Amino acid sequence: MINQRFVVSISPHIKNGRTVRRMIVTTIAALAPAALWGFYQFGLDAVALVAVGITAACGTEALISRLAGKSSSLSDGHAVLTGLVLALLVPAGVPFWLVIVGAVMAILVGKMPFGPLGGAPIYPALVGLLIVATSWPNEIKSYVQPTTAPTELKVEGAADAEFPRDAVFIDPSDEAEYKTADLFMGKQVGPIGAISPLLLLLGGLFLILRRVARWQAPFGFLVGMGVAAGIGHALDPGGCASASFHLFTGSAMFGAFFLCTDWSSTPVTPWGMFLFGLIGGGLAVLLRIAGLPYGAVPWAIVIMSLATPIFDRITPTPFGKVASHA
Amino acid sequence: MKTLTQEFTKGLWEQIPPFRLVLGLCPTLAVTKSLEGGWGMGLATTFVLVCSNLFISALRNVIPPKVRIATFIVIIATFVVITELVMKAYTPMLSETLGVFIPLIVVNCIILGRAEAFASKNGIGRSLLDGFGIGFGFTLALAVLGALRELLGTGKLTMFAQANLDLTIIPLGEGREFLFKFMVDPPGAFVCLGAMLLLMNLISERSARSKAA
Amino acid sequence: MDISFFSRGIKLSRRVKPGKIERIPPPGRVVLPLQQGSGPPAEPSIEIGEAVKVGQTIARGASNSGADLHASISGEVTAIEDLHFPNGTTVKALVIEGDGKDTWVEPDRDDKPLIASPGELLERIRCGGVIREGSDTKSLAEVIGEAMSPRGYLSPTGSAVAKPVRHIAVRFSDQDPHLDALAALTATIGDETAELDLGVKVLATITGAEQIHFVLDNKQEAPGVDKLADDNDYSVLHVDAANYPCLSSPMVARAVSGKEPDTAFKRVHENGILVLDVNTVLETALAARDRRPVISRLITVGSLAGAGVFEARLGTPLADIASAAGQKEKIGKVVLGGPMKGLAHHTLDFPLTKEISGITLFAQDQVTMAVNDPCVGCGLCAMVCPIRLTPGMLSRYCEFSSWDLAQEAHLFSCIECGCCAYVCPAGRSMVQFMVQGKSELLSTRRSES
Chain V
2 MINQRFVVSI SPHIKNGRTV RRMIVTTIAA LAPAALWGFY QFGLDAVALV
52 AVGITAACGT EALISRLAGK SSSLSDGHAV LTGLVLALLV PAGVPFWLVI
102 VGAVMAILVG KMPFGPLGGA PIYPALVGLL IVATSWPNEI KSYVQPTTAP
152 TELKVEGAAD AEFPRDAVFI DPSDEAEYKT ADLFMGKQVG PIGAISPLLL
202 LLGGLFLILR RVARWQAPFG FLVGMGVAAG IGHALDPGGC ASASFHLFTG
252 SAMFGAFFLC TDWSSTPVTP WGMFLFGLIG GGLAVLLRIA GLPYGAVPWA
302 IVIMSLATPI FDRITPTPFG KVASHA
Chain X
121 MKTLTQEFTK GLWEQIPPFR LVLGLCPTLA VTKSLEGGWG MGLATTFVLV
171 CSNLFISALR NVIPPKVRIA TFIVIIATFV VITELVMKAY TPMLSETLGV
221 FIPLIVVNCI ILGRAEAFAS KNGIGRSLLD GFGIGFGFTL ALAVLGALRE
271 LLGTGKLTMF AQANLDLTII PLGEGREFLF KFMVDPPGAF VCLGAMLLLM
321 NLISERSARS KAA
Chain W
5 MDISFFSRGI KLSRRVKPGK IERIPPPGRV VLPLQQGSGP PAEPSIEIGE
55 AVKVGQTIAR GASNSGADLH ASISGEVTAI EDLHFPNGTT VKALVIEGDG
105 KDTWVEPDRD DKPLIASPGE LLERIRCGGV IREGSDTKSL AEVIGEAMSP
155 RGYLSPTGSA VAKPVRHIAV RFSDQDPHLD ALAALTATIG DETAELDLGV
205 KVLATITGAE QIHFVLDNKQ EAPGVDKLAD DNDYSVLHVD AANYPCLSSP
255 MVARAVSGKE PDTAFKRVHE NGILVLDVNT VLETALAARD RRPVISRLIT
305 VGSLAGAGVF EARLGTPLAD IASAAGQKEK IGKVVLGGPM KGLAHHTLDF
355 PLTKEISGIT LFAQDQVTMA VNDPCVGCGL CAMVCPIRLT PGMLSRYCEF
405 SSWDLAQEAH LFSCIECGCC AYVCPAGRSM VQFMVQGKSE LLSTRRSES
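Protein chains in written order, with the working numbering: chain V, 2 to 327; chain X, 121 to 333; chain W, 5 to 453.
Just so you know, not all the hints are guaranteed correct.
[To be verified] List of simulated lysine-lysine pairs, DSSO-like, C-alpha gap at most 30 Å:
id, chain 1, residue 1, chain 2, residue 2
1, W, Lys-105, W, Lys-57
2, X, Lys-276, X, Lys-301
3, V, Lys-16, W, Lys-15
4, V, Lys-142, V, Lys-188
5, W, Lys-205, W, Lys-263
6, V, Lys-322, W, Lys-263
7, W, Lys-223, V, Lys-16
8, X, Lys-276, V, Lys-142
9, W, Lys-167, V, Lys-322
10, W, Lys-167, W, Lys-263
11, W, Lys-205, W, Lys-223
12, X, Lys-301, X, Lys-208
13, W, Lys-105, W, Lys-24
14, W, Lys-24, V, Lys-322
15, V, Lys-71, X, Lys-331
16, W, Lys-15, V, Lys-322
17, W, Lys-442, W, Lys-263
18, V, Lys-322, W, Lys-270
19, W, Lys-334, V, Lys-16
20, X, Lys-301, V, Lys-142
21, W, Lys-24, V, Lys-16
[Stated by the list, open to error] Across the chosen pairs, the derived CB separations fall in these ranges:
id, chain 1, residue 1, chain 2, residue 2, range
22, V, Ala-235, X, Leu-285, 53 to 61 Å
23, V, Leu-307, X, Val-194, 35 to 43 Å
24, V, Arg-67, W, Ala-367, 50 to 58 Å
25, X, Leu-285, V, Phe-115, 46 to 54 Å
26, W, Ser-443, V, Val-26, 32 to 40 Å
For the record, the hints were derived by calculation from the structure and aren't laboratory data.
All of these numbers come straight from a predicted model, not from anything done at the bench.
Idealized CB from N, CA, C, for every residue including glycine.
Let's have the full structure, built from the sequences with the hints guiding it.
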């Protein structure tokens, strides 16, 4: 035993066993309830769209890895997550090819050019989503009447003049036509995976408890949206819906818990994360009111992602240092 | 010293402006929405480049070094104005497509770059050949980029709108204007340019490897 | 303002009940390196071939504050040999072949040590070979000296002024929750706190400390220690030692003084806060009263087979200790110290020194290798960093040799606790990057000046 050579490495010599793959699997698990609710509300079409999205994303990643002569990174599950998030953010009525193009673009343009996982400056699924949303603005709005929605929901004929344009095709001037409780419980029209604020909230809290995500960015995002919508509603009730309406519709909850908590495209410092969310939330409401035809929340988060390096500069004062505001 | 043929052909591959020199990217990104915009911009630039190379090369011994940039700009601007007026007169539709980017040829890095790096140091013959080479390379690159983007974006190829020489490669449904609108949007320009750069690098890497083997 | 509601650091599992201390019999041969802790090595004061008794001084501290070294078994000094340390240096070591009799030198007991002058007491600590453990293990006398007159602290007349130490904090539990030697020692003390009391008073006399703090794990029960603190008006602090690294010196210093000491370029004791382990205090008492030098150490031996606390003579081969602890499995990695901050060594053929607080043995299938994937930017490291740095960014700066950026991001504040590497999902060896960055910057600075 004396002459045996042992492994020498730097401390620490133990790890908590957390891997990238596990964290991604946790994220997918947190998304599962909202996705299942979407399947229930929109039927087999939604299931098929999600399957197509995941397959396309994984296929693209495998193909590019092969072409580039790199070892395949499929096993970390990020391609699955990208395809899943993309498919959950489109309405159930979109054509299949749209999801395929989106997933291919997400991996081809949003992820692979930036090297290994952790390089993407913008959430890859959002890149794919926004490419297809700007390319096919009419197809992307193929909303479907959910199974358990209140009958008076208006789906058909929702035009650009409707309000809030991105969120749901319910006219907020008819307050009686929707109930906040219905919206919260997921009885609304919207993207497949984003219609149930309740389940998304639970999934997000699960992520935070498992320490996969931090609370600051989602909290900031919800506060930002709430405050902005509250101010807007107080100033002009006809032009801006109430805060609860904004928070519970569209992809607001999805954005707060699953897009604002991405790794490489969001800040990592506490104040950085909070401000990222806060400004992003305000921006999302602004974009909804001031008129984007589709995807105010994704756009807001993409715009904020570009500013992530700036937010990352807001570091806390290190231990024992005197706070300086230089 | 390169042979005269090499002076010409280097601009077509070895130093093809937007891909190899990575110069003049503003017009490259802005006007390549269509094939027509691509070759139109390319030819306009070629004309200016050749003329300015000719004059700068001829005057290279009398231009004081301290004010050479200003002198270059005056010479280039002269030809840009000529180009602009001619295009407005004879190809009004193309002129409208290219818009402000024709006057902006004055500050195109390629022209100033060739003037500074080549024409002011070489004889008239070489400078002319260099101008033609680089200019045709630029035209080629812009035309390819424009064709790619237009084809993917709208399914059409606009050869020369004024003469109604459009080709519809991929027919679209009724009332649809775009095939894949992202490609003709500004971000699509970056993605296409990146893809072309990748392709260029890939090909030269492969050929270098096969040469070495 | 800090908006991280969740506490920083990491939660590690901790054995609640420390076992009994087992004594390992004096070995037949010991190897005593002349360097025990940082600083210049001691100078041998005996010749080869000389007979020595247990406790006899065999090497004198290098400076007037360096700790002496003593024979840990009786026998004959047979050689001075080279010994390779895990940090890569080579140090001379004295070899003593034992005679098996274990005869001690005559004790020179002083029953009233507190009457002695502070200077005399400090000299006794130095002669007793007491060292202070920590990230920078060195002679306790030297540490006290530094604490009392920091570099460059001069009176208006130009003479060095003794600066009083404000706080002395005594840890009753190991920094690394995987080690439990100190907890076991505390349990052994029980109600017999005379030596602890004496040690604290000696230190207070030397340093003029105003406040004494006892820092215990919140699961530790030590009525004797509590009573001693009560009688003398010392404060007792209970912390959750499982929340690593809350027992590290900077964290303890913050807990006792309410102020955060700067961790860059300045050691904690230079802020007037002396953080000591309980065994150091007991050794101080023995050195001051009985003039009994440090010849043995308490160490935790942790392995797959479980952990145990052992007392062994200095210079005992680690292989002997490991086999006494019942290590049977095939060993893949040997760590001197705890798994969080310990130093890996390539062999067990190394003597027990005063620096070693434990041995952690890993079986071959238990050894984790750093995979060093690229940073994914998840931010977990920034969440756990007790110093509130952004280790992910720092590691990237160091990975790509942007040393200046790393320094701007407060690289030197890093205490190398290893929390970031512990949680990193990409398996990056964060501490490696930090240490590399620091040494690069320091060597640049040295070559510039």
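Evaluated hints:
| no. | hint | verdict |
| --- | --- | --- |
| 1 | Lys-105/W - Lys-57/W | holds (9 Å) |
| 2 | Lys-276/X - Lys-301/X | holds (12 Å) |
| 3 | Lys-16/V - Lys-15/W | holds (12 Å) |
| 4 | Lys-142/V - Lys-188/V | holds (18 Å) |
| 5 | Lys-205/W - Lys-263/W | holds (25 Å) |
| 6 | Lys-322/V - Lys-263/W | holds (11 Å) |
| 7 | Lys-223/W - Lys-16/V | holds (24 Å) |
| 8 | Lys-276/X - Lys-142/V | holds (26 Å) |
| 9 | Lys-167/W - Lys-322/V | holds (22 Å) |
| 10 | Lys-167/W - Lys-263/W | holds (18 Å) |
| 11 | Lys-205/W - Lys-223/W | holds (26 Å) |
| 12 | Lys-301/X - Lys-208/X | holds (29 Å) |
| 13 | Lys-105/W - Lys-24/W | holds (26 Å) |
| 14 | Lys-24/W - Lys-322/V | violated (42 Å) |
| 15 | Lys-71/V - Lys-331/X | holds (24 Å) |
| 16 | Lys-15/W - Lys-322/V | holds (25 Å) |
| 17 | Lys-442/W - Lys-263/W | holds (25 Å) |
| 18 | Lys-322/V - Lys-270/W | holds (12 Å) |
| 19 | Lys-334/W - Lys-16/V | holds (21 Å) |
| 20 | Lys-301/X - Lys-142/V | holds (16 Å) |
| 21 | Lys-24/W - Lys-16/V | holds (28 Å) |
| 22 | Ala-235/V - Leu-285/X: 53 to 61 Å | holds (58 Å) |
| 23 | Leu-307/V - Val-194/X: 35 to 43 Å | holds (40 Å) |
| 24 | Arg-67/V - Ala-367/W: 50 to 58 Å | violated (38 Å) |
| 25 | Leu-285/X - Phe-115/V: 46 to 54 Å | violated (40 Å) |
| 26 | Ser-443/W - Val-26/V: 32 to 40 Å | holds (38 Å) |
Hint check: violations occur at hints 14, 24, 25; the rest are consistent with the structure.
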